[in-house]
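Asks: The chain contents come next:
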Amino acid sequence: MAELTYREAVARGIAQEMARDENVVFLGEDIAKAGGVFKATVGLLEQFGPKRVVDTAISEQAILGAAMGAAMTGLKPIAEIMFADFIAVCYDYIANEFPKTRYMTNGQVSIPLVVRCGNGGGARFGAQHSQSVENWCMQFPGLKVVAPSSPVDVVGLLAAAVRDPDPVIFLEHKSLYATKGEVPDGEIVDRLGVAKILRPGKDATILALGMMVPRALQAAATLQSEHGIDCEVIDVRSLVPLDTQCILGSVARTGRVFTVEENPRQLGWGAELVSIIADESFYDLDGPPIRITTPNIPLPAADALEDLAIPSVSRVVETIRRSLSA
Amino acid sequence: MNVLMPQLGETVAEGTITKWYKAVGDSVAAGDLLFDIETDKTSMEVPAVAAGVLREIRAQNGQTVAVGAIVAIVAESGDAPPGPLEKDASGTRPQLADSPARDSAEPAVSGGTSRAIDPYHGLRTPEKNFGKARLPGGARTTPLARRLALESGIELATVQGSGPRGRVVAADVRRASLSGGSANATMTSSEASPDQIKALYTSTPYRELKLDNMRKTIARRLSESKQQVPHFYLNADFDVEALIALRKEINKGGTNRVSVNDLLVKAYALAMQEVPEANVVWAGDRLLQLERSDIGVAVAVPGGLVTPIVRNADTRSLLNLANELAGLIARARERKLLASEYTGGSATVSNLGMYGVRSFQAIVNPPQATILAVGAAERRPIEAKDGTLRATTMLSVSLSVDHRAVDGATAGKLLAAFRTIVENPLRILL
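In order, the protein sequence lines correspond to chains B and R.
Note that this note's numbering gives residue 151 to position 151 of the first sequence, counting from 1, and the numbers run on in steps of one.
To convert, take the position in the second sequence, counting from 1, and add 326; that gives this note's numbering.
So here's chain B without its partners, still in its complex pose:
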């Protein structure tokens, strides 16, 4: 057992898989010599050499194109798109190529690759470098979308993503890189499509992802201590595939559900989850499902404004408190 930062967990997860399988290669901008702009991949070049840990040109299309070619010809690439916002630059691969190739070749060609991104805000990077893009990715049949919130999940879910036979978008949260958590020694392999109940509760279910997970946990603690409201907090972890059993089961127990989403409100991931809940669990609901999200605005760079935009602990507490008291 060791205490690792989230960024150290990224390097550990990649190293675990590269050591296990020589077909796993890693490519991206400044990931090798510089150890990543977020310093999440330090030491990998030294450990695995320049043939397997490759600094690329500054071209997201080239990175994903190369990764796709490598995946089609037998390797298991991990490609880094530094800021998740840059997915838009290479969206054709994400939208049209990766998720459809297995289907269009009748299963003859699969694309076993992982695209890692630094996702989300809170770091004052401005409107083009702070977005939460999980909903950009979860709309494509054939694409899996994972977003860990803790170091141990980074290692386990990254391993699961690398071992998955299909393309996985792996959304690390920029503002979580410095957070710490216990990570057991030895190989860690998690499963995609399994949510985690981080805090059991009976009054309401809070569904959160990425950086919203620690905020939801903190909000739940405040709701309990100051308002006597006992919330169940679920780290959704994997949007596609989605652990509907865990989520619907929790809603059946609590009767109320709140999503805490960093992505802009319009068509955020919670909209899809709430629609499933309304469809499947309507008669388990004792009040409207409520989404706590960033408003539908470009994220400001100014710290005070960014803090106002992204759901805060106090906003989560206040929304749930108001909704649960008559």
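For the record, the hints were derived by calculation from the structure and aren't laboratory data.
Wrong hints could be hidden among the right ones.
Here are the simulated lysine to aspartate or glutamate pairs, EDC-like style, with alpha carbons at most 20 Å apart [what the hints assert, rightly or not]:
no.: 1; chain 1: R; residue 1: Lys345; chain 2: R; residue 2: Glu382
no.: 2; chain 1: R; residue 1: Lys458; chain 2: B; residue 2: Glu280
no.: 3; chain 1: B; residue 1: Lys39; chain 2: B; residue 2: Glu3
no.: 4; chain 1: R; residue 1: Lys458; chain 2: B; residue 2: Asp279
Chain B is fixed; fit chain R onto it per the hints.
Replies: Then chain R, alone, in the frame of chain B:
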């Protein structure tokens, strides 16, 4: 292999052969040009995709054929000598212009399952419905409150809402259900209060047992029935010698066993079909005459009883009915029945024969109009036609009837039809 008229664009339905490069009998290599075609949009050369010998040309120069139709047949090297090769593709291959007709001619997907599978995760939408959000009095309710109310037999209109804008929420229903207060009719104003009752037993040791929801529901529903439903009762004794023998015969060696009760449920369902005017339920200002015989069966469970309903008991095979009933009873004992599985129904059968009860009168289970009470089969002496005494197996039944819905003569006809089937039990197997 068949050479087909290719599809030269989404909206093109046919093409015209303008030139043949090969003649019948020529050998063809993959990639050799076979013919030229022209459509209203374009023209192109069509090459062979496999090597062989051109056996037959079906569309000559200048001929216009539908997309997908066979233009020529190339016998591949190693193919069997020419014969009727494959069916004309125009019969097997959809043509664009025909596609709507083709769709309608196709059989429905997996017969009867009209439910669309959610492509996202294969989720199912529940079919249950627990009523409207706004009650007739104007009060609002949450979906969960409605479900809990129906499941615990709480009348929502009597529950005070504590939610936002007075909405009745789950906690209100749970509270009403626990307190047994305004929400249930176990105690009416004319009844003595619990304290008055307890006062009568001060010198007697006792334990107080709390009423659970099932007990409250039974108390409320049966009080209502006995107070509001004008009951009358018909009693009869049936000779079930043949029925018992039939059951023995059915169960011989087989692994699927049927009970006397299964036979009686099926027989009663059939009898209700013969006397449709008895297959009615009381709906306040009207009767509903039911088309199917959905028979409830009273099942004792720890702490009370429930009456799961065998739907379509008249049309099920006996074995199917027995299995369905066994499943319902098992789940009833685990208290796992859905509300939809014990509500509605045409009539109820209640059997206390296993306790040696000879006969009893049951209380009608509203809105159903009849309930059949079945006693124990027992050997009794009867007078035979020639005046001698003989022993046979007899069964006493009692039919309780809601006189608002069914009159004596109709109920008599129903009982007679039931008797005929029970005493000629092969009809149960039809």
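Asks: What hint numbers does the structure not satisfy?
Replies: none
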